[in-house]
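Colleague: Sequence:
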Amino acid sequence: MSAPRLLLLLGCNAATAQLVGPGALVPGGGPQNNRRSGGWGVVDQWPVGFFVGGSDLTEMNGIYVRQSELDHKLPHYCELSWKHIDNNFKVASATVRGWAGINGADKEWLWIDEQGRDFLAQPGKHYIPGNARTWLPVNRNFHYWRVGEKAETYAAEEGWWEANEEGTIIQNNMADAERPILWERKRDGRRLNMGAWRLRPLEQSKEKRVMLEDDAYGDAMRPWQVVAIMSRDRLDELIHQKRRHDEDCRRASRGGPPVVEDGVFPTVSVSHLLEGNATTDQNEVVDSDVVKNARRACRDGESDAIDQARAALAKGLPDARAAVSYCLRRAGDPGKAIEVASQGDEASSLLERALAMFDVHSPCGALQALDRAYHKDRALPGLGAWMLLGRVRAKAVGCGAPIADTGFKVGDVVRARQDLRGFWSQGDEADVIGLTAASNPIAIQMRYNRNKLVDTTADRIERVGFDAKTTFDDIYATLDVPCDFTENELRRAYRQASRECHPDKGGSHDEFTRVARAHEILSDAKRREEWDAGAEVVDRPQEFPLKDELIAYYWPELKPFQPFGDVHEHRRAFEKQDAEKRAKDAERRAKEDSFARAKQRDAAPAKPEEPPARKGWGWPWS
Numbered sequence: 026m027s028a029p030r031l032l033l034l035l036g037c038n039a040a041t042a043q044l045v046g047p048g049a050l051v052p053g054g055g056p057q058n059n060r061r062s063g064g065w066g067v068v069d070q071w072p073v074g075f076f077v078g079g080s081d082l083t084e085m086n087g088i089y090v091r092q093s094e095l096d097h098k099l100p101h102y103c104e105l106s107w108k109h110i111d112n113n114f115k116v117a118s119a120t121v122r123g124w125a126g127i128n129g130a131d132k133e134w135l136w137i138d139e140q141g142r143d144f145l146a147q148p149g150k151h152y153i154p155g156n157a158r159t160w161l162p163v164n165r166n167f168h169y170w171r172v173g174e175k176a177e178t179y180a181a182e183e184g185w186w187e188a189n190e191e192g193t194i195i196q197n198n199m200a201d202a203e204r205p206i207l208w209e210r211k212r213d214g215r216r217l218n219m220g221a222w223r224l225r226p227l228e229q230s231k232e233k234r235v236m237l238e239d240d241a242y243g244d245a246m247r248p249w250q251v252v253a254i255m256s257r258d259r260l261d262e263l264i265h266q267k268r269r270h271d272e273d274c275r276r277a278s279r280g281g282p283p284v285v286e287d288g289v290f291p292t293v294s295v296s297h298l299l300e301g302n303a304t305t306d307q308n309e310v311v312d313s314d315v316v317k318n319a320r321r322a323c324r325d326g327e328s329d330a331i332d333q334a335r336a337a338l339a340k341g342l343p344d345a346r347a348a349v350s351y352c353l354r355r356a357g358d359p360g361k362a363i364e365v366a367s368q369g370d371e372a373s374s375l376l377e378r379a380l381a382m383f384d385v386h387s388p389c390g391a392l393q394a395l396d397r398a399y400h401k402d403r404a405l406p407g408l409g410a411w412m413l414l415g416r417v418r419a420k421a422v423g424c425g426a427p428i429a430d431t432g433f434k435v436g437d438v439v440r441a442r443q444d445l446r447g448f449w450s451q452g453d454e455a456d457v458i459g460l461t462a463a464s465n466p467i468a469i470q471m472r473y474n475r476n477k478l479v480d481t482t483a484d485r486i487e488r489v490g491f492d493a494k495t496t497f498d499d500i501y502a503t504l505d506v507p508c509d510f511t512e513n514e515l516r517r518a519y520r521q522a523s524r525e526c527h528p529d530k531g532g533s534h535d536e537f538t539r540v541a542r543a544h545e546i547l548s549d550a551k552r553r554e555e556w557d558a559g560a561e562v563v564d565r566p567q568e569f570p571l572k573d574e575l576i577a578y579y580w581p582e583l584k585p586f587q588p589f590g591d592v593h594e595h596r597r598a599f600e601k602q603d604a605e606k607r608a609k610d611a612e613r614r615a616k617e618d619s620f621a622r623a624k625q626r627d628a629a630p631a632k633p634e635e636p637p638a639r640k641g642w643g644w645p646w647s
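The working numbering puts the sequence shown at residues 26 to 647.
Derived by calculation from the structure, the hints in this document are not laboratory data. C-beta: ideal position from N, C-alpha, C; glycine also. A few of these clues could be false.
Unchecked claim - Keeping only pairs whose Cα atoms sit at most 27 angstroms apart, straight-line, the calculated DSSO-like set for lysine-lysine is: (1) Lys616 to Lys572; (2) Lys361 to Lys401; (3) Lys624 to Lys609; (4) Lys551 to Lys572; (5) Lys434 to Lys609; (6) Lys434 to Lys477; (7) Lys267 to Lys572; (8) Lys150 to Lys132.
Claimed, not checked - Derived CB-CB ranges, DEER-like: (9) Asp131 to Arg446: 51 to 57 angstroms; (10) Glu536 to Lys477: 39 to 45 angstroms; (11) Asp271 to Ala180: 43 to 49 angstroms.
With the hints as extra help, turn the sequences into a complete structure.
Modeller: Set out below in structure tokens:
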């Protein structure tokens, strides 16, 4: 989803004083960002935190909090540093002393890894760093001091030492930021306490700190989204959301085997769960094939298919009960299929029970069975797709059960429990329009101002009613087809329904039109997929797709924590620009080559003309 609505996101200048709005959030801009929009105020202080996203170095992404004290373990003298809440990655504003900064800058923004090495830098005379390509890869060999090592000063300090003065490390107790190192000067034996950042190894004094080529790491490592957080309250709220997201991921993982393939929805591969060991008995392999063959025979309508499935069930083969239920559904007896599937509690039987309940037009019961199947095996192939279809069809009968454990669902009318300055007063009513993220699941639209959208949490609102406007038909029920129908089943169902509803046969024009529309959608694979995903659920805004809501609750690990929208938006924009530039360069080179060839051809001497051959009768007369 987009950025949380209760947080105002504005642009920033490169200058130290940057115009922003009162929402207290600023996208990382730095030198490349010269825009501003709306609002008033001046950024004249350091942010209390950052949110970073979009880097392929996953440890780098997340929330950074400003340190209350200087971090003397860092290799530079840093005015301030911001530490990742989950690891030791840091962002720091550093004063450059005695060595060349990026592009000759005397201040830098640094990105520092868990080993204390900075690997990205950018010139930094501003309170807010830039993002993406403003960060340049660096390769600096920093050193942690040992007693007895030779070291020299970076730069002169009036009244104390000159630049390049040599000496020896006597003590390194890291006592504080300014006096962690006891250094003995060579020329007079004087001992001085100084910060580690003021010294460099003597053997490396002549070496220059050089940057790697711009593509040394590539664009992948860079932070493609950097948002500065200026308010402690906003930072605390963000940390709270992140902890909730992490807890939701842990909660979901306890529901069954983990999803191992990121981004795969709704059919997650479970081959790793089905593989036996090297000593698997051959009979087990044959038995598994027996169940598969029985399902295939039922699908193809073979006369003895149901007997094959029941024989497999009598042997106690895995998934045989689900196969019998499947065969009964294919034979047109969903009631008996529900009865058989209900006798088992394995994930495959629960899934078949849900599909049979779809066929008797009971999506609410199907959702209950699918939820139980999820807790048995959340990596069951197709589970997400059936859950999605179930929630779409449930709208038609008015049982749109809530997804999140908050108890809220889209269409609920809610009111504020207490005042929240700048957003609402106690008792203000709103409509729930989306459950978009597990970490912050409730998006509401205020009734006193329909343009005001707010992301909030369950503890801040209470339900007072339901006002969803659901106006679509269940097209599966209209044609009375199985939820996983074959082409032949769809054809037969359409012929029968159109005969019954035809105006000449006692039906009505409206009913006949509904049947024709249902067949038109279900016979088109793309339109059917869109309908199954909730394209016609009218009480749901487009920016809150039902699929995203489903993933956020059941498979939250597939939706990383992104409170400020798409973290790769800038990345794709840059990639598009690069592609366009490469295409223009290629076109320009092609024209230049063509022009050069033409010029060379024109400049070449003309080939002398040969006289026409004499016509004769061949050798020897020619």
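Colleague: Now tell me if each hint is right for this structure.
Modeller: Here is what the structure says about each hint:
no., hint, verdict
1, Lys616 to Lys572, "violated, 48 angstroms"
2, Lys361 to Lys401, "holds, 23 angstroms"
3, Lys624 to Lys609, "holds, 22 angstroms"
4, Lys551 to Lys572, "holds, 16 angstroms"
5, Lys434 to Lys609, "violated, 50 angstroms"
6, Lys434 to Lys477, "holds, 19 angstroms"
7, Lys267 to Lys572, "holds, 21 angstroms"
8, Lys150 to Lys132, "holds, 6 angstroms"
9, Asp131 to Arg446: 51 to 57 angstroms, "violated, 42 angstroms"
10, Glu536 to Lys477: 39 to 45 angstroms, "holds, 42 angstroms"
11, Asp271 to Ala180: 43 to 49 angstroms, "holds, 44 angstroms"
Checked against the numbered hints given earlier, this structure breaks hints 1, 5, 9; the rest are met.
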